[in-house]
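Chains as they are written, first to last, in my numbering: chain A, 36 to 147; chain B, 107 to 220.
Read the hints as simulated data drawn from the structure, not as lab findings.
Idealized CB from N, CA, C, for every residue including glycine.
Heads up, some of the hints might be wrong.
[To be verified] Cβ pair distances, simulated, as ranges: (1) A/66 - B/216: 31 to 41 Å; (2) A/89 - B/122: 47 to 57 Å; (3) A/129 - B/169: 22 to 32 Å; (4) B/123 - A/89: 17 to 27 Å.
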Amino acid sequence: QQQVKQSPQSLIVQKGGIPIINCAYENTAFDYFPWYQQFPGKGPALLIAIRPDVSEKKEGRFTISFNKSAKQFSLHIMDSQPGDSATYFCAARKTGANNLFFGTGTRLTVIP
Amino acid sequence: NAGVTQTPKFRVLKTGQSMTLLCAQDMNHEYMYWYRQDPGMGLRLIHYSVGEGTTAKGEVPDGYNVSRLKKQNFLLGLESAAPSQTSVYFCASSARDSQYNEQFFGPGTRLTVL
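Given the sequences, and given the hints that come with them, work out the whole structure.
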């Protein structure tokens, strides 16, 4: 059973557009929600992360929005660029643990 | 710093053969992990280790064994490979006191079992 549900599976946007990737969870024991970015042929790398005590976090063009009551969080990429084309994974971690539960991934393509 | 390295990068096995995947990290991290990545399934944790000499099961441990004899190395073994184990395998490591528990991933090993 997938502990973190991610959508959409794939996404195509024009350069400058704002792709949005959504994730949802059920387990209220999760206390940390990172996003990882993976380029073809490479391992995933941490992009940005948020804790549930804040509703939004921005790092450059990347923003996480967090809705604790709905148990949902999303990644927004402002002014998307072709270099942002990659697979994005959301994840969640339980309090006191180190293991991450990953979503199924979203393949983003930004068209020039 | 090489970060996290994995050996080999590619491997083809026949059903029933055995092999060991090697992961090495030079960041002095306490925690190490093995994941498998399959299309539409995301990354699933196979086994992990919180320190030298310790291992624990993750979400999908069946058919795999691991060992952490040295802090910098984490080995993943397949005793009798099956076609269902065809996948891309990623190793990762993280520091014990990392504020964001950032996991650093290796480049992956693509394994095909015929």
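A quick look at each hint next to the structure:
1. The supplied range of 31 to 41 Å is met by residue 66 of chain A and residue 216 of chain B, whose beta-carbon atoms lie about 34 Å from each other.
2. Checked against the hint of 47 to 57 Å, the C-beta distance between residue 89 of chain A and residue 122 of chain B comes to roughly 51 Å, which is consistent with it.
3. Restraint check, residue 129 of chain A to residue 169 of chain B: a C-beta distance of roughly 25 Å satisfies the suggested window 22 to 32 Å.
4. Hint check: residue 123 of chain B to residue 89 of chain A, Cβ distance near 50 Å, so the stated range 17 to 27 Å is violated.
Hint compliance for this structure: hint 4 is the single one not met.
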